[in-house]
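8 protein chains.
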Amino acid sequence: QRRGIPEAVLAEGKSAPQVVALAETALETTGRALVTRADDRQVEALEASLEETFPDATLERRGSTVRALAADYEPPSLEATVGIVTAGTVDGPVADEAEVVCADAGATIDRIDDIGVAALNRTLDQVDRLREADVLIVAAGREGALPTVIAGLVDTPVIAVPVSSGYGHGGDGEAALAGLLQSCTVLSVVNIDAGFVAGAQATLIARAIDGARDDGRSN
Amino acid sequence: QRRGIPEAVLAEGKSAPQVVALAETALETTGRALVTRADDRQVEALEASLEETFPDATLERRGSTVRALAADYEPPSLEATVGIVTAGTVDGPVADEAEVVCADAGATIDRIDDIGVAALNRTLDQVDRLREADVLIVAAGREGALPTVIAGLVDTPVIAVPVSSGYGHGGDGEAALAGLLQSCTVLSVVNIDAGFVAGAQATLIARAIDGARDDGRSN
Amino acid sequence: QRRGIPEAVLAEGKSAPQVVALAETALETTGRALVTRADDRQVEALEASLEETFPDATLERRGSTVRALAADYEPPSLEATVGIVTAGTVDGPVADEAEVVCADAGATIDRIDDIGVAALNRTLDQVDRLREADVLIVAAGREGALPTVIAGLVDTPVIAVPVSSGYGHGGDGEAALAGLLQSCTVLSVVNIDAGFVAGAQATLIARAIDGARDDGRSN
Amino acid sequence: QRRGIPEAVLAEGKSAPQVVALAETALETTGRALVTRADDRQVEALEASLEETFPDATLERRGSTVRALAADYEPPSLEATVGIVTAGTVDGPVADEAEVVCADAGATIDRIDDIGVAALNRTLDQVDRLREADVLIVAAGREGALPTVIAGLVDTPVIAVPVSSGYGHGGDGEAALAGLLQSCTVLSVVNIDAGFVAGAQATLIARAIDGARDDGRSN
Amino acid sequence: QRRGIPEAVLAEGKSAPQVVALAETALETTGRALVTRADDRQVEALEASLEETFPDATLERRGSTVRALAADYEPPSLEATVGIVTAGTVDGPVADEAEVVCADAGATIDRIDDIGVAALNRTLDQVDRLREADVLIVAAGREGALPTVIAGLVDTPVIAVPVSSGYGHGGDGEAALAGLLQSCTVLSVVNIDAGFVAGAQATLIARAIDGARDDGRSN
Amino acid sequence: QRRGIPEAVLAEGKSAPQVVALAETALETTGRALVTRADDRQVEALEASLEETFPDATLERRGSTVRALAADYEPPSLEATVGIVTAGTVDGPVADEAEVVCADAGATIDRIDDIGVAALNRTLDQVDRLREADVLIVAAGREGALPTVIAGLVDTPVIAVPVSSGYGHGGDGEAALAGLLQSCTVLSVVNIDAGFVAGAQATLIARAIDGARDDGRSN
Amino acid sequence: QRRGIPEAVLAEGKSAPQVVALAETALETTGRALVTRADDRQVEALEASLEETFPDATLERRGSTVRALAADYEPPSLEATVGIVTAGTVDGPVADEAEVVCADAGATIDRIDDIGVAALNRTLDQVDRLREADVLIVAAGREGALPTVIAGLVDTPVIAVPVSSGYGHGGDGEAALAGLLQSCTVLSVVNIDAGFVAGAQATLIARAIDGARDDGRSN
Amino acid sequence: QRRGIPEAVLAEGKSAPQVVALAETALETTGRALVTRADDRQVEALEASLEETFPDATLERRGSTVRALAADYEPPSLEATVGIVTAGTVDGPVADEAEVVCADAGATIDRIDDIGVAALNRTLDQVDRLREADVLIVAAGREGALPTVIAGLVDTPVIAVPVSSGYGHGGDGEAALAGLLQSCTVLSVVNIDAGFVAGAQATLIARAIDGARDDGRSN
Ligand SMILES: Nc1ncnc2c1ncn2[C@@H]1O[C@H](COP(=O)(O)O)[C@@H](O)[C@H]1O
Ligand SMILES: Nc1ncnc2c1ncn2[C@@H]1O[C@H](COP(=O)(O)O)[C@@H](O)[C@H]1O
Ligand SMILES: Nc1ncnc2c1ncn2[C@@H]1O[C@H](COP(=O)(O)O)[C@@H](O)[C@H]1O
Ligand SMILES: Nc1ncnc2c1ncn2[C@@H]1O[C@H](COP(=O)(O)O)[C@@H](O)[C@H]1O
Ligand SMILES: [Mg+2]
Ligand SMILES: [Mg+2]
Ligand SMILES: [Mg+2]
Ligand SMILES: [Mg+2]
Ligand SMILES: [Mg+2]
Ligand SMILES: [Mg+2]
Ligand SMILES: [Mg+2]
Ligand SMILES: [Mg+2]
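Protein chains in written order, with this note's numbering: chain A, 16 to 234; chain B, 16 to 234; chain C, 16 to 234; chain D, 16 to 234; chain E, 16 to 234; chain F, 16 to 234; chain G, 16 to 234; chain H, 16 to 234.
Rather than coming from a laboratory, the hints here were simulated on the basis of the structure. Built from N, CA and C at the ideal position, the CB exists for glycine as well. Check before you lean on any hint, since a few could be wrong.
[What the hints assert, rightly or not] Chain E side only, calculated, beta carbon under 10 Å to chain F, not exhaustive: (1) Ile-124; (2) Ile-127; (3) Leu-139; (4) Asp-170; (5) Leu-202; (6) Asn-206; (7) Gln-216; (8) Ala-223; (9) Arg-228; (10) Asp-229.
[Claimed, not checked] What follows is a list of derived Cβ distance ranges for each label pair: (11) B:Arg-126 x D:Asp-129: 45 to 51 Å; (12) A:Glu-75 x B:Arg-126: 55 to 61 Å; (13) D:Ser-30 x C:Arg-146: 34 to 40 Å; (14) B:Thr-123 x D:Thr-45: 35 to 41 Å; (15) G:Arg-146 x C:Pro-32: 56 to 62 Å; (16) D:Asp-129 x B:Pro-32: 52 to 58 Å; (17) E:Arg-76 x A:Arg-77: 47 to 53 Å.
Chain A extracted, bound-state conformation (with noise of 0.2 Å):
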């Protein structure tokens, strides 16, 4: 039985009575529902049956990611920070859908925004708040250097999310991606602007620390 994992309805490919069912079984079985990569219509019928069927429940939209909480949900709380960082504004996005999943789980969030490797010192001046964090998320496009870059200056475990900025040959965040392959500093990699995944992972490994720190608590 999956219980940890964090999970969310995926609306891309979807139609939209389709997001709306999935999106209310959650609801009725969790308390919360989580939809990630909706377009307006999908948020429209999403909000429209909702107003009928959970007349009570809240709906937070940022961007193309919805949450939808009954009116009873608790949050959950995790004792532990997850960092998230974007090379540029065009990255904004992506690392708005990691936020709310790791937010969702209760992590604390640190967000940094804007400091790519083309003005090196504004990522530079971030280091030692990088290091504060207890595992990083790290989004860029085009050539994807930043989270090398911060992968070499800081011992947290970094998770790159390729962005699908770009044009030409190696756009769409086909670059940006082989270069996180292929960077000379260590850290792991999530598919191109998959954003959910990335916030979905660093939460395991931020509940993994939160339940470390109460391991030690309780021995």
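We have chain A already, so just place chains B, C, D, E, F, G and H with the ligands on it with the hints.
Same frame as chain A, but now just chains B, C, D, E, F, G and H with the ligands:
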């Protein structure tokens, strides 16, 4: 200053004297040298040279991975378990490389071999053991389905390593890599055959957990 | 002379009048027309034209697949069961196309939806039912692990259909296709989203089995 | 429990002792071992070892495929014919691998060589014979047109095997694979050079037909 | 100075005014303008402008190909026949583009449609007619087998045009292109959908043959 | 019946005895055998065998292309000139293969070497000579610009052969192939290194021209 | 601190408000803002906002490139000429982007359009003018032969920009990019359509030359 | 006439006698010959032949690059510095090739090795030195981040050379190439391992700067 990051000399593409020089510098400065993807010629050169320069050092070889330890080297120890899993026989050497890295950092290793999904009951038999690890490395070639299946059964963080087996379309690990990036369960990925990176990333997570256990205790 | 081979008009890339003309010819000569990958405009043109040319014909639509039957068409019947399986919601339309083809040939259909490997117990719950089919079509997108897992659990022939879901590297069905070609269990593959081909190939196998049952009986 | 599925040891990527160990286990438990894609070194190791461990076993070699049979092994028999067809000389070894698998399962083999479409009359001359098989395996390299042409002439199920011949763009079987996936006739495909998989899938179909003949008879 | 080479304006990627300007220059200097891959907006702009600038010119449109002729334009004539062949309905527009080019140069056209290899007898029925052409253009999408089959049946030079039909792996003409480059019969190839290039190359060959007929006569 | 099409045995991927057998059959039935892409081992086997089986035959070798002629073989003759052009030294062997094929068919050869665009005046110096050929084969590796430049200077049909030179991205002939398919002048293309196909296609065109010269004369 | 490097806001992938904010910050801090790859919506938002925030600023638009200048902005000046060359009409917008960047830095621009190799005399006519530039940017799509030909005729440094024109295999600039990387003459390359990067790199070279002229003078 | 362009013989793909002939012609006409990507056999042939034909010439070898100088050769001299930078040990040979080319043209070389971004302080330590060069060549394999980072720190023109190191996805320099084309800082690129091209392009820039210094002085 990179201090906590697992370090190794990547032998591939370097001449034997270059590998020897880099390894001896590591040995001198840290009491330890780890060399990955070394061929016979490089290993022999290292053995020959160490005999003269560090006559008391010990040299351990596992496949193409070599570790040299100064006589007075005091190995670190981590209170954390890394589960290292293979789908089949051909995934062994990649898993071995990861294992050397994690063991070198002092983690406890739980190695589970040959539980690929073609014989699913062998996978299912190991679920409890898989759940006990703090972090899992799962190596799989060809279609690379095992990490996906395992990540759906446990809530431990899974680092997947695609392995360069398979022939024809998608061979040499590309199908496994693509499949792992597309995985419908939660995991992060390193490059094809990148046992070192998987081991090093698992080590960073294991250290974070070990540190959290200390935190807890010291509170 | 191709007589026994399942025939359909592939609407994609044809103008609406071309689709209509081909369908009406099929209807005239065989009493039946099957049109796949038709868009709304093509279906409407077909409906409009048939109303005039074949006022007694019936037109059945399922997603982008359309079947027109002459009033006096006598559907064939096969003593054989095709199991049609999907990993998730997005695989539905591709499986539907296959289902129309097999049903059109008179096979018994056993449709099993939404048993992808992320929730492995749902897969395992269906093993007995899967074993009862004479031939299986399994549709799966993203990493496409389900056909591999099923083919390892049954000795029924499995025809795998990769589905064009997934984003980023290996998206649009390429990861699933490559993984299925690399499968460590025994299966054969059709192109991405080729529900028609999967259904037609399953039909040929079902017919061979039906014929063998007749052979047996008549001996 | 996988019982009915054709089993083989894929030698590629394994050490000779590993191949020997896997083959001997198979021999011990099932009275038979099939090894595919073995190189000379692996075959010699197998011969040498079997002489000691299974002195009464016989070892049959066909190209890189090896079959070892215990002295008391009773070969199965299927009432079904597999037609195995090649386009040209270079497709021979891949077809041989398929043939060994089907023959091993007890099917009757009808092998037809060298009827590629460059000399179309040779293809057409064999149509009647092709129609008599219960299932066809057609191996073709370069542009891989033969399976498409045959599948348009018969209503037997065709399993196409692209072969890694050809140089330049689309060489090594990729053009053939892509062309077969795009085929405008009905067929299913296995990976480039995957003679084993083609043979095993044909075997599953042949078994289903054989079973249906039995069914019929026993009714 | 390029005088004998078929000339056309490739509209794709140009603004409507740019297309108009280039076409009018051609019309002015040569009495004729050929525009390929034009969209509706570009054609309309051309019609509108010509009405003013060349009120006596005639404008012929065939799909996305447009030809404008000055009132006093004297069309050339070649004593040579170009056979233009399609595998199926979707190949029509590409063949049309080639046809316009060859007809524009004065060649006799023998157009043969819809003789793809899925219904091989339709191909075989046309062999005599195919042999009578001086040069053949054969357009085929999906797996692109028709040019290979035809080139094996005739000793006329065959220029193959892969067509961007097909979905999934190898779709958009890439499978057909690769297959044609790998063809086991003798043919040369132009790019996917390059009807203009095929027509122009056929024209150059037709002119060489026409010239040789003249040579002969004048000897 | 293929009678007029240039025939050769493609040695690559065949065993030496297979090559010998195919060549000897050709020699026996047509008085001539052409073998392409043969390695030393295959050529030696052919020499050795012919000495016994056809002691009076002559064997001509040019790089990896071999032609064997029966003692009484009467070579054909064509009234047509094929210009064969290389961009640089590395294109020589591919051009040689084409040359053997055309010469074998009796065409007059005009070979022009080493006029690649890096030294454009050498290209321009040959324009008159290039214009005199009836058909041109132009072989070029790396960026493959020469066929494009030549096709812009002459109205002879140009068959371009990309050559597998070049390293890095687009190496092994892929850049040249793609560039030739994208050529902004009129030409048709054969696969990378496909000297045989270029020669054979040029031969078909040369024969058509030769035939037209005869036609003319006989009128 | 990056001071001398040409700066621009890449609008693609950003929301209109984000582009406006970045441009206004640039305007405020440097008296100038350059925005590339902006769509209509983004340009309109910029115009609307600037009217309020910087009522005295001027906004210059060229295709998708926009430059905003504060009223008191003093443009720099460089004693150096950048030659900007296009092969054809479709390359214009990419060359325009480069031109804006170089002109913005104060370089003298010599723009030469439409001298692609299909009409080689037009290329050759410009050789003297090409030789007078200090640095050349050459933009070319499809097969991208022009930069190679020009780099063989001049000893000025050439920066080649592949352009995303062309359809079929190697379309969208990939053939041009690969061909330029394989060029047999000396040049360096930027990504497909990267007019900004070409202009910025040419600017850096022009500045170095300008500086050297100053150096010389001041000696 | 190409006079100012750096010239070398690319040995790869040529026979040893061909390389010797080309080198001796260069030596004879220019007093100097540069041979790149030569293997041992080619170098030995060159040494052996030169001993006879140019007994007074000197031959310098650096890895696979060889330079032969006539006894009376007067080397050129440029007042300009080329900085040549490597990320790691494996990038050395490619940088060496570039260095030979620039030194051969008389430029001053400033070589800086092993400052890849995994140890960012080593990169930062060299910023002042990097800023002093007139033009920079930066060679980097795997993810190729170093040229991007350097180009963000200096306003010297940077020519980036991706190096064919790295294994798995994006290995052999493809990730580095794609990343450099996507770089968010300003640089231009040459092909993977194209040390010669980088050196030659840097030489053209260095000459332009040297010329400008002369210009200045002579004013
Ligand atoms: N097998 C390996 N695969 C990927 N990275 C490695 C491997 N071995 C070592 N590394 C990393 O590569 C970096 C550069 O290695 P080196 O080229 O030896 O300086 C090391 O610091 C490690 O982080
Ligand atoms: N959805 C489909 N996918 C692949 N093949 C198809 C599909 N629908 C029909 N076909 C096949 O395409 C062949 C040619 O179709 P058409 O272009 O309509 O003549 C038909 O005979 C079918 O075998
Ligand atoms: N030549 C082959 N090609 C593809 N799969 C194979 C081949 N030979 C054996 N197999 C399959 O690979 C599976 C795993 O093989 P092994 O790695 O030996 O355990 C076997 O159970 C077979 O189903
Ligand atoms: N059209 C363009 N192509 C490539 N890079 C660009 C382009 N326009 C701006 N840039 C660069 O992209 C960097 C990042 O841009 P931004 O995302 O706006 O911060 C800028 O500093 C420029 O160096
Ligand atoms: Mg780190
Ligand atoms: Mg999990
Ligand atoms: Mg099975
Ligand atoms: Mg059939
Ligand atoms: Mg032919
Ligand atoms: Mg021409
Ligand atoms: Mg030049
Ligand atoms: Mg810079």
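Please check whether Arg-146 of chain G and Pro-32 of chain C have a Cβ separation lying inside 56 to 62 Å. 59 Å, holds
Take the C-beta atom of Asp-129 of chain D and the C-beta atom of Pro-32 of chain B, compute their distance, and say whether it sits inside 52 to 58 Å. 54 Å, holds
When the least beta-carbon distance from Leu-139 of chain E to chain F is tested against 10 Å, hint result: 13 Å, violated
Taking 34 to 40 Å as the hint, is the beta-carbon distance of Ser-30 of chain D and Arg-146 of chain C inside that range? Because 36 Å falls inside the window, the suggested range holds.
Hint check, Ile-127 of chain E versus chain F [nearest Cβ-Cβ separation less than 10 Å]: Because about 19 Å separates Ile-127 of chain E from the closest Cβ in chain F, which is outside the 10 Å limit, the hint is violated.
Has the hinted range 35 to 41 Å been met by the Cβ atoms of Thr-123 of chain B and Thr-45 of chain D? For Thr-45 of chain D against Thr-123 of chain B, whose Cβ atoms are near 38 Å apart, the range 35 to 41 Å holds.
Distance restraint evaluation - Arg-76 of chain E, Arg-77 of chain A, Cβ atoms, bounds 47 to 53 Å: For Arg-77 of chain A against Arg-76 of chain E, whose Cβ atoms are near 50 Å apart, the range 47 to 53 Å holds.
Please check whether Asp-170 of chain E passes as an interface residue: C-beta within 10 Å of a C-beta belonging to chain F. It holds, given that the least Cβ distance between Asp-170 of chain E and chain F is near 3 Å, below 10 Å.
CB of Arg-126 of chain B to CB of Asp-129 of chain D, is that within 45 to 51 Å? 50 Å, holds
Tell me if the interface restraint on Gln-216 of chain E is satisfied: Cβ within less than 10 Å of some Cβ in chain F. With Cβ-Cβ at 5 Å, under 10 Å, it holds.
Does Ile-124 of chain E pass the interface check with chain F, least Cβ-Cβ distance below 10 Å? 17 Å, violated
Minimum beta-carbon distance criterion (10 Å), Asn-206 of chain E to chain F: With a minimum Cβ separation of about 4 Å from chain F (threshold 10 Å), the hint on Asn-206 of chain E holds.
Taken one by one, the earlier hints fail for this structure at numbers 1, 2, 3 and 12, listed in ascending order.
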